[in-house]
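Residue-level listing of the chains:
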Amino acid sequence: MSAASSLLEVEDMRVSFATEDGLVRAVDGVSFSVAPGEVLAIVGESGCGKSVTAMTLMGLTRGPNARIAGRATLGATELLSASEGALQRIRGGAIAMVFQDPMSSLNPVYRIGRQIVEQIRVHDPTVSKKQAMAQAVELLERVGIPHAERRLQSYPHEFSGGMRQRAMIAMALSCSPRLLIADEPTTALDVTIQAQILEELRTLREQTGSGVILITHDLAVVADIADRVIVMYAGRVVEQGTLDELFYDPLHPYTWGLLGSITRVDRDTSEILPAIPGMPPSLLNPPAGCHFRPRCPHAFAKCGEVPELSARAPDAPGHLDRCWIEPEQKRKLRVVGDQIGLASPEPVIA
Amino acid sequence: MSGNTTAASGNGVPLIEVEHLRVLFPIKQGLLIDRTIGHVHAVDDVSFALREGETLGIVGESGCGKTTLVRALVRLVHATAGVIRFRGADITKSSHRQLLPIRREMQMVFQDPQASLNPRKRVSQILGTPLRLRGVPRSETEAQARDLLTRVGMQGEHLNRFPHEFSGGQRQRIGIARALAVDPKLILLDEPVSALDVSIQAQVINLLDELQGEFQLSYMFVAHDLSVVRHVSDRIIVMYLGKLVEISPAKELYQKPIHPYSSGLLAAIPIPDPQENRKRDRPLVGGEPPNPINPPSGCRFHPRCPRATDICREVEPPLTEYAGGHLAACHHPQHVSAAEIAASRRSEASPLGAGDEAPEAGETA
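Residue numbers (the numbering used here), protein chains in the order written: chain A, 1 to 350; chain B, 1 to 365.
Simulated from the structure, these hints should not be mistaken for lab results.
Any given hint could be a false lead.
Claimed, not checked - Here are the in silico distance ranges between beta carbons for each label pair:
#1 A:V306 / B:R87: 37 to 47 Å
#2 A:P64 / B:G135: 53 to 63 Å
#3 A:T187 / B:V13: 33 to 43 Å
#4 B:A342 / A:P146: 33 to 43 Å
These numbers were taken from a predicted model, which means no experiment stands behind them.
C-beta: ideal position from N, C-alpha, C; glycine also.
Assemble the whole structure, with the sequences as input and the hints as a guide.
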């Protein structure tokens with residue numbers, strides 16, 4: 001991904017929060033880029049820093065106890081140091097966000113239509129109320145809400161979970177954002193509705209060419225929609241690569257564990273799931289060196305030092321990982337592919 | 001957890017039998033006098049049996065009645081109609097006192113381990129109370145509670161801690177230990193892993209599997225995640241809007257789902273394998289489940305069903321029993337040949353209001 005073609009560049013972003021118990025390093029040096037029209041998935045378990053990464057980009061983690069460092073550039077704007085006023089124009093404009101819980105992210109006392117119209121007019125005061133209303137109808141139709149005109153008069157509680165999430169997406173799209181950040185957009189929804197929403201996201205990406213950052217813990221959703229994937233663990237990126245690299249040639253033992261511990265709907269998994277022992281460390285006092293070391297079956301002396309995130313396999317320059325073991329050695333150690341029955345790790349020409 | 005040996009009791013009586021169970025919740029309105037203006041049809045005429053040592057999965061979208069069904073079995077909600085039998089004895093109308101010995105054999109593990117453990121009690125109290133109810137003398141409760149904790153993969157010194165000191169996975173382990181404390185035969189698991197991270201999910205699923213072998217447990221496993229249900233279950237019930245639409249041996253459901261809703265549900269789940277995912281042809285179920293206050297006539301799935309015809313709008317399909325203990329309630333079944341339909345028969349578990357029409361042979365694709 002060359003810098004010229006990318007939409008968003010994040011370099012060495014660090015976010016920490018001062019708490020009564022000490023400093024929590026929620027995001028510890030994260031770098032990535034998003035190209036237009038690309039879906040970048042950030043996966044990891046709860047507390048790995050994926051949501052904090054997204055919220056920091058939107059300027060939502062600023063506070064007296066937060067320390068934010070690094071750079072994140074969207075076009076000509078540096079997001080991490082932008083003024084609150086500049087951020088307000090960007091939020092909902094150039095970058096839009098869809099949250100996990102659509103009930104708590106819509107205002108319960110205003111009609112859906114009013115909330116969409118407000119968003120449109122804040123970002124472009126020249127649009128009349130009537131025009132904005134017409135746009136709102138169009139938006140709701142685009143995200144697949146039937147009887148859009150009538151539905152604009154509904155309150156959020158009259159919508160089902162899936163419809164609320166569609167309304168959120170409609171709102172996010174109202175100013176044609178260049179970047180859409182979706183934080184667990186389907187986690188609260190039923191699988192049938194999840195499939196519909198993912199389909200919606202796919203179409204929108206194709207139609208508008210916006211970049212999408214999809215934050216999720218569900219690797220199946222990632223396999224369904226992402227182009228590139230970042231795996232985070234305890235505040236750090238441990239692996240980054242294309243969708244196929246990550247699934248068919250995973251290089252970090254944590255990624256193996258993640259892939260190994262999921263069940264599949266289309267075939268049998270082994271009787272005993274290969275679970276990762278232990279649990280993620282506390283970010284207050286993370287283990288020295290590689291954060292995954294205490295849970296890693298392959299840890300050795302060198303893991304006491306923090307490995308760099310870098311391309312280690314000579315045949316895949318875009319495939320980064322943060323592990324001391326040599327790629328060839330890892331490919332021998334790795335058994336995850338057999339465990340969950342993934343196809344052989346032959347590269348696919350997309 | 002398939003393939004485990006069935007425990008003792010060879011007498012053939014299922015552990016739980018449910019016949020035409022119906023749970024309706026009244027909707028009240030009015031200022032001084034509450035008038036009932038309608039009912040939510042949470043569970044509507046469901047019949048099945050759970051054999052000893054079996055894991056029965058229940059899947060469906062939210063609001064399909066799967067949680068209500070499980071709660072009705074332990075009598076946490078009252079059945080409006082129908083019969084629930086435990087080891088052949090009718091417990092539908094048993095008094096609280098009569099239920100006590102039965103509740104000892106049937107335990108529940110809830111979805112949210114945070115909300116289901118008393119935040120003011122230490123683990124020793126959380127586990128000690130059910131142990132004492134079972135009749136364990138006070139002097140031995142601590143030792144036994146310690147045993148239980150180690151059995152679910154935790155350490156004895158955790159006894160003195162409060163629930164908030166644990167992670168979600170550990171809390172769920174405590175919930176499981178509490179259920180085990182009274183030495184139950186059946187554990188009803190209501191979304192036991194859906195609040196947990198994947199790596200922790202796998203740990204808890206493995207734990208449940210081990211415990212089943214060790215204590216000869218039967219499970220009812222409610223979940224919306226069909227891939228987890230596939231992994232743990234021997235048989236699976238698919239529910240839609242209060243109705244049982246399909247019940248099938250676990251593997252067969254995924255290979256040849258008979259009800260169009262089951263196949264829609266399966267197709268909706270992404271596979272964690274990009275190549276397989278691209279290859280898959282996924283007929284999506286459109287729309288959303290209708291309102292359970294005023295469910296559609298005939299087959300409840302007909303407004304969303306790609307195969308629906310006139311008969312589906314008018315006549316409720318009976319449960320048809322196909323070979324191998326695979327039952328489905330559909331007028332236009334999928335993946336079955338004309339011969340299989342000819343060999344099928346109307347199941348006694350069919351809803352009371354269902355029609356007599358045999359299913360129609362269609363394309364088998």
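Going down the list of hints, with the structure as the test:
{"no.": "1", "hint": "A:V306 / B:R87: 37 to 47 Å", "in the structure": "59 Å, violated"}
{"no.": "2", "hint": "A:P64 / B:G135: 53 to 63 Å", "in the structure": "56 Å, holds"}
{"no.": "3", "hint": "A:T187 / B:V13: 33 to 43 Å", "in the structure": "42 Å, holds"}
{"no.": "4", "hint": "B:A342 / A:P146: 33 to 43 Å", "in the structure": "41 Å, holds"}
Comparing the model with each numbered hint stated earlier shows that hint 1 is the single one that does not hold.
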